[in-house]
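Peer 1: Numbered per the numbering used here, the sequence shown finishes at 163, counting up by one with no gaps.
It cannot be assumed that every hint is accurate.
Capping the alpha-carbon separation at 30 angstroms, the derived lysine-lysine pairs in DSS-like fashion look like this [said to hold, decoys possible]:
no.: 1; residue 1: Lys53; residue 2: Lys16
no.: 2; residue 1: Lys96; residue 2: Lys16
no.: 3; residue 1: Lys53; residue 2: Lys104
no.: 4; residue 1: Lys4; residue 2: Lys96
no.: 5; residue 1: Lys4; residue 2: Lys104
no.: 6; residue 1: Lys96; residue 2: Lys53
no.: 7; residue 1: Lys4; residue 2: Lys16
no.: 8; residue 1: Lys53; residue 2: Lys4
Quick list of simulated restraints, FRET-style, between CB atoms [unchecked claim]:
no.: 9; residue 1: Gly24; residue 2: Gln70; range: 13 to 23 angstroms
no.: 10; residue 1: Gly56; residue 2: Ser8; range: 29 to 39 angstroms
no.: 11; residue 1: Lys96; residue 2: Arg38; range: 26 to 36 angstroms
no.: 12; residue 1: Asp26; residue 2: Pro100; range: 16 to 26 angstroms
no.: 13; residue 1: Asp25; residue 2: Lys104; range: 14 to 24 angstroms
no.: 14; residue 1: Gln44; residue 2: Gly24; range: 11 to 21 angstroms
no.: 15; residue 1: Asp47; residue 2: Pro94; range: 33 to 43 angstroms
no.: 16; residue 1: Met(-4); residue 2: Lys96; range: 15 to 25 angstroms
no.: 17; residue 1: Gly76; residue 2: Asp25; range: 14 to 24 angstroms
no.: 18; residue 1: Ala95; residue 2: Gly56; range: 29 to 39 angstroms
no.: 19; residue 1: Pro34; residue 2: Ala95; range: 11 to 21 angstroms
no.: 20; residue 1: Lys96; residue 2: Asp25; range: 26 to 36 angstroms
no.: 21; residue 1: Gln(-3); residue 2: Thr71; range: 12 to 22 angstroms
Hints listed in this document are in silico derivations from the structure and should not be mistaken for laboratory results. A virtual CB, placed ideally from N, CA and C, is assigned to each residue, including glycine.
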Amino acid sequence: MQASLILVKPDGSSQDIPLRKPRVLIGRGDDAAVRMNSPGVSRQHCELQIDDARLAVKDLGSSNGTFVNRRRITQTELVAGDVLSLGEFVFVVKIDGQPAKVNAPEALKKGHHAADVAGHGGKSEAKDGDQKTRISGPGKAKSDKSDSNSSSEWDFDFLEGKDEGPKL
């Protein structure tokens, strides 16, 4: 199974975050694979569990809850197209290439607090092995990769070395 989370931004853009490990911790803490620096997200907010046949999400006792399709959950299996909401962040679940296209306005409506998403200033980052992607609110996404020498200001900045620079 190939799975990813598609971060849906208020401006209609999106950011793909591949899920390549069997357990992916999402939260505000330094140990989170998908790090979201926002007061609406707990240090260890939730975790995704991935195997060959299924993708599941489990809330880890977060203060503000984990929502799937506007429903607060403690643990549930995810299917392609589900909308996962944490704090002010809204993600669409993508499994084996489905959904092929994400309708951002529809996904934001399915988020548990779509009105709050439009003005959010939270920041998040996702790391995958040597790669770390920081997502700063509705702005640009940056990806750090320790073995890359190129740099681009378009959507991603590839920075040399393991030093991630200043925390956003």
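Peer 1: Going through the earlier hints one by one, which of them does the structure break, listed in rising order?
Peer 2: 12, 13, 15, 17, 19
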